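Participant: Taking the hints into account, I'd like the entire structure generated from these sequences.
Top line first, the protein sequences correspond to chains A and B.
Numbering follows this note's numbering, with no gaps: position 84 of the first sequence is 84.
Basically this note's numbering = 1-based index in the second sequence + 1000.
None of these hints come from the bench; they were simulated from the model.
Nothing here was measured: the structure is a model prediction, and the numbers come from that model.
Keep in mind that the hints are not guaranteed to be accurate.
Claimed, not checked - Once the Cα atoms are required to be at most 25 Å apart in a straight line, the calculated BS3-like pairs of lysine-lysine come out as: (1) B:K1027 / B:K1132; (2) B:K1030 / B:K1006; (3) A:K39 / B:K1027; (4) B:K1006 / B:K1135; (5) A:K39 / B:K1030; (6) A:K39 / A:K103; (7) B:K1030 / B:K1118; (8) A:K39 / B:K1118; (9) B:K1118 / B:K1006.
Here is what each chain is made of, one letter per residue.
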Amino acid sequence: MTVNQLITHLNPQVLSLPEGDKTVRGCYTGDLLSWVMGKTRACNVWVTIMSNINVPAVASLADVSCVIIGENARPEDDVIAMAEARGVNILLMPDSAYDICIKLSKIL
Amino acid sequence: MSDNKKLSYCFDVDGANFTSAGEASVKVKKRLREAGFDPETIRRVSIAMYEGEINMVIHAGGGKAEVVIEEDRIVIILTDEGPGIADIDQAMQEGFSTAPDNIRSLGFGAGMGLPNMKRYTDEMVIDSRLGKGTKITMTVYV
Chain A
1 MTVNQLITHL NPQVLSLPEG DKTVRGCYTG DLLSWVMGKT RACNVWVTIM
51 SNINVPAVAS LADVSCVIIG ENARPEDDVI AMAEARGVNI LLMPDSAYDI
101 CIKLSKIL
Chain B
1001 MSDNKKLSYC FDVDGANFTS AGEASVKVKK RLREAGFDPE TIRRVSIAMY
1051 EGEINMVIHA GGGKAEVVIE EDRIVIILTD EGPGIADIDQ AMQEGFSTAP
1101 DNIRSLGFGA GMGLPNMKRY TDEMVIDSRL GKGTKITMTV YV
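Facilitator: Structural data, given as structure tokens:
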């Protein structure tokens, strides 16, 4: 599955989508950035409520397919701009991280 | 590439600017990708380097990062003039952290930085002196 296809299933708000054809494989959820870098695998979806400026950097370095931010915790515009510049896809949903993971488990 | 097939990049890590931390790692990642390294090697090198950068910003007021790319290995050398690491064995334990609360609120300081650097590299040597600084040398074999 690609991020573009994931979007058609989840219907999230798309905040940045510079690389929508990235492959999606599995999921990791967490807000502590070193845990994310230590535990994610390449192409994972990263589900979090963290939305600060370090999120695009971590997402890029960890090679996640996309970041899904829950609870409508919308990042600032500069975070979204950095995500665009670094090829990081960011989606926003009103659901909790738990509910997002349930939805992902049904489609991944 | 030069005659001995060695490429070297040096970066100043700005200790005052937390939001720009990681720029060196992102640049290195881009250059490794251009050089044709495999994605998992690039991922390991860039995460290890980013964790090191973040550590220098949190604990040492910045420092220097050098990346040397050779035919069979990538070496990352991080040097700072911070307070040094009092107990390296303790610092290597997952979850042990001396980071202040304002750093933790950014999602860092979880005590996973050094363990991640070790996890993603083949060799890691820590040379730390209290009150003088720390030099960490990490090697990833290609």
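Participant: Against each hint, give a clear statement of whether it holds in the structure.
Facilitator: Against the structure, the hints come out as follows:
1. B:K1027 / B:K1132: Violated, at about 28 Å.
2. B:K1030 / B:K1006: Since the Cα atoms of B:K1030 and B:K1006 sit roughly 17 Å apart, the hinted pair holds (cutoff 25 Å).
3. A:K39 / B:K1027: Holds, because 23 Å separates the two Cα atoms, which is no more than 25 Å.
4. B:K1006 / B:K1135: holds (21 Å)
5. A:K39 / B:K1030: OK: A:K39 and B:K1030 at ~22 Å, within 25 Å.
6. A:K39 / A:K103: holds (21 Å)
7. B:K1030 / B:K1118: holds (22 Å)
8. A:K39 / B:K1118: Status holds; Cα separation ~13 Å.
9. B:K1118 / B:K1006: holds (24 Å)
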